[in-house]
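Protein sequence lines correspond, in order, to chains A and B.
Numbering (the working numbering) for the first sequence: 51 to 143.
Numbering (the working numbering) for the second sequence: 8 to 424.
Rather than coming from a laboratory, the hints here were simulated on the basis of the structure.
Please note that a few of the clues may not be correct.
Cβ-Cβ distance ranges computed for the label pairs, FRET-style [what the hints assert, rightly or not]: (1) A:Leu93 with B:Lys276: 48 to 54 angstroms; (2) A:Ser85 with B:Lys38: 41 to 47 angstroms; (3) A:Gly135 with B:Glu160: 54 to 60 angstroms; (4) B:Arg175 with A:Glu61: 54 to 60 angstroms; (5) B:Gln314 with A:Pro138: 24 to 30 angstroms; (6) A:Asn55 with B:Glu160: 47 to 53 angstroms; (7) A:Leu53 with B:Ile167: 36 to 42 angstroms; (8) B:Gly150 with A:Ser85: 36 to 42 angstroms; (9) A:Arg114 with B:Arg175: 24 to 30 angstroms.
The beta-carbon is built from N, C-alpha and C at its ideal position, and this holds for glycine as well.
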Amino acid sequence: MFLINCPFCGERDQSEFSSGGEAHIVRPKQPTELSDDEWAEYLFMRKNIKGVQFERWNHTHGCRKWFNVVRDTSNDKILSVYKMGEKPPENYK
Amino acid sequence: MNNKYSIFSLIKNAFSNHENWSQAWGNPEPKKEYDAIIVGGGGHGLATAYYLAKKHNLKNIAVLEKGWIGGGNTGRNTTIIRSNYLWDASAGLYDHALKLWENLSQELNYNVMFSQRGVMNLAHNLQDVRDLKRRTHANRLNGIDAVWLNTEEVKRFCPIINTSPDIRYPVLGGTLQRRAGTARHDAVAWGYARGASLMGVDIIQNCEVKGIKRNGERVEGLETTKGFIKTNKIGVVAAGHSSVIANMAGLKLPLESKPLQALVSEPVKPIIDTVVMSNAVHAYVSQSDKGELVIGAGTDSYVSYTQRGSHNIVEETLKAILELYPIFSRMKMLRQWGGIVDICPDASPIISKTNIKGLYFNCGWGTGGFKATPGSGDLFAHTIANDEPHKLNAAFNLNRFVSGDLVDEHGAAAVAH
Chain A
51 MFLINCPFCG
61 ERDQSEFSSG
71 GEAHIVRPKQ
81 PTELSDDEWA
91 EYLFMRKNIK
101 GVQFERWNHT
111 HGCRKWFNVV
121 RDTSNDKILS
131 VYKMGEKPPE
141 NYK
Chain B
8 MNNKYSIFSL
18 IKNAFSNHEN
28 WSQAWGNPEP
38 KKEYDAIIVG
48 GGGHGLATAY
58 YLAKKHNLKN
68 IAVLEKGWIG
78 GGNTGRNTTI
88 IRSNYLWDAS
98 AGLYDHALKL
108 WENLSQELNY
118 NVMFSQRGVM
128 NLAHNLQDVR
138 DLKRRTHANR
148 LNGIDAVWLN
158 TEEVKRFCPI
168 INTSPDIRYP
178 VLGGTLQRRA
188 GTARHDAVAW
198 GYARGASLMG
208 VDIIQNCEVK
218 GIKRNGERVE
228 GLETTKGFIK
238 TNKIGVVAAG
248 HSSVIANMAG
258 LKLPLESKPL
268 QALVSEPVKP
278 IIDTVVMSNA
288 VHAYVSQSDK
298 GELVIGAGTD
308 SYVSYTQRGS
318 HNIVEETLKA
328 ILELYPIFSR
338 MKMLRQWGGI
348 VDICPDASPI
358 ISKTNIKGLY
368 FNCGWGTGGF
378 KATPGSGDLF
388 AHTIANDEPH
398 KLNAAFNLNR
408 FVSGDLVDEH
418 GAAAVAH
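Chain B extracted, bound-state conformation:
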């Protein structure tokens, strides 16, 4: 378990044909009691446990995962990482995460393949141009790198884009965040799991939460498929299933869970070396290191937990992709899937205490939680350990839906997150 990954361990293990690498994380049975339990073993949940152990000196922690770690939205998203959000609160939150991404492979001693290849957001009409220029200025005031590109500069940066003025959604320009990019989603879950496990966190897979035991206004433990586990701090990071867990505690959340789809093509040689997002037409493209085009689509309009999504949504996205990138017209798509995303009315997340003592929620990341994984874990760990939010996530409390102090990124950052 204690092997540090390095050139030396690689050489040493080469002599035994790589058959003696130790397990990257443990597979323990749950103890009777923990100081804190994280519900949900995705990237955000594992990161939360990692920072709780690392920065807040809590060692008796468990992460409960009903399936396998990283098998939910962590393994289903299109891995886009950026921090070019309009409002100050969001900029602070997402740029905190981006700064942690920049050193994450070193921090975890695990290659998360973070690649700052840049993210370009396209503008297709005059209002897009105004909105994106405004966002560029707002980003720069917050110390976040952002530049506005005109049509010619877009074409130069990504030559395969069709910038002809007579297409249905002509490219009138775009913004570019050069520090933005992608990372390997599975590696993020595995790296955090390994890091947390090395510090003594119990990662318990195939363990579904069935109920939350309350004693008046505080939590006492969790009913699970592996029996009752006692704890007085529960951090729920269950993405699309947050409302299901909240209902167990008699709480209602301002969330709707909807399928969000993505697809990948057959692998081809390098053709697109950046990430291009077209928010107005829901078409997001990048290329994985294996050579597959990774394409993101939009959400369905109705609540569903089916993890598949509608055909017409994919059809619309591919129509837009083909018009913007005629070169892809004969590509074959290999796989298509859906993940269930929990969307807040203001399209901003909730990292918050609740009215029930010891119960914390980290949810509402909607269509773009992957980019925030390290920051979300760090700030949620702070909130759980201190029973107080960090100043970077103070605005993302549950009470904002009562006070009206929303962080309205829906209109601000167009549609995608």
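Only chain A is shown next, with the shape it has when bound in the complex:
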């Protein structure tokens, strides 16, 4: 349980949000060209990192907008929040 600083609404309880999982998984540009292995990679395979992870979140019970979060999954501390389309912060890579 933690607070998330929605870039549009400010700090709210985590239970107002839905997790969209790992961020920056690029949707295939030419789906028809993809092999089964590439589909599996895109659809199912996840880094599932213990430590600093880049994620997507949606403020479901608020503004309903998507945004990105950098969070340490070993202690649930949120390190950074940035809007969709913005460059991910460099210092956590």
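Fit chain B to the supplied structure of chain A, relying on the hints for placement.
This is chain B only, laid out in the frame that chain A set:
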């Protein structure tokens, strides 16, 4: 070490005030090399080592555990055992485990307190009724005992359930598997550890894996906090931390690790003599032999390795429990905790070889791995020893995420496992 537990050993040890019982399993330092190493000393890992030694004649085996054995999800789950899964592959897998449970205390010479008190799954809406009836039929076609109970029969089987039609989640019926039940989770880990140790398996606690050494496409050994250990077969049974180990070998798995919570109440006199699961509202209740209510909740929606979980998840579960069992309204909860469960997209496990020779994974059990402990160990041991899956776990390979041949139990068995 070689004491068989029996009425005679009990009497003999009574004469020395029970002060001379020998250690149940050894505490060795790791050797330089093993024929096979199991990473993870939970129930599944210890069972794997046990069956490798017992059925596949591998004696030079080690189990590496970063904490203490059975201290992870084995000691954190709500101990529910059942096999009423919808799909044929799952039914085969879980019923294989259930059959092993039925004789496990004899097999291990260790009382795992397996209690076939029945598991009832409740239906709260018309779609639940259709799904659960369908599952009952599927179970019976697979030779798994299952019956459908209407509301009155549910009430008769478990009288403390509120079956009033005007509650938020009315009970429209339920399924019952009488062979299902519970077991003592710690005893399962300890029994397998003792059994494996007696056959010469080295159980090495406080030994964390730090890296996997590869030579091209095959494994050569493990870097650990107790130094490098050579082996050409590694079986990873690390539950919530499977992805962490996989990343060491440069592998990605289709898993997400999330906290799953449980709680226990103060002990009370016997009040519920079965297990009742309500999958739609994430409320699972049974009573331990000590008298505590054992309550299972749902998972958090996000990846986390914190072993605690969110307050709102517990709150929702307790709301549902109070509505279904008004008699519990003044019970006090003693403890609450979380375990990290590794969930597959299709909510079925992976017991599989990988593209790297000598590296095997047993993971993805998600929210319900305890029930499968003996079967999982048996089939994983077979897979490691023969470098080929057993026919019962062939469907649970890693390649199913490429071929699309998923074992989709998420929609089939509702949410809980």
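Verification of the hints:
1. A:Leu93 with B:Lys276: 48 to 54 angstroms: holds, 51 angstroms
2. A:Ser85 with B:Lys38: 41 to 47 angstroms: holds, 43 angstroms
3. A:Gly135 with B:Glu160: 54 to 60 angstroms: With a Cβ separation near 57 angstroms, Gly135 (chain A) and Glu160 (chain B) satisfy 54 to 60 angstroms, so the hint holds.
4. B:Arg175 with A:Glu61: 54 to 60 angstroms: violated, 31 angstroms
5. B:Gln314 with A:Pro138: 24 to 30 angstroms: Since Gln314 (chain B) and Pro138 (chain A) have Cβ atoms about 28 angstroms apart, the given range 24 to 30 angstroms holds.
6. A:Asn55 with B:Glu160: 47 to 53 angstroms: 51 angstroms Cβ-Cβ, so the 47 to 53 angstroms window holds.
7. A:Leu53 with B:Ile167: 36 to 42 angstroms: holds, 38 angstroms
8. B:Gly150 with A:Ser85: 36 to 42 angstroms: holds, 40 angstroms
9. A:Arg114 with B:Arg175: 24 to 30 angstroms: holds, 26 angstroms
Checked against the numbered hints listed earlier, the structure breaks hint 4 alone; every other hint is satisfied.
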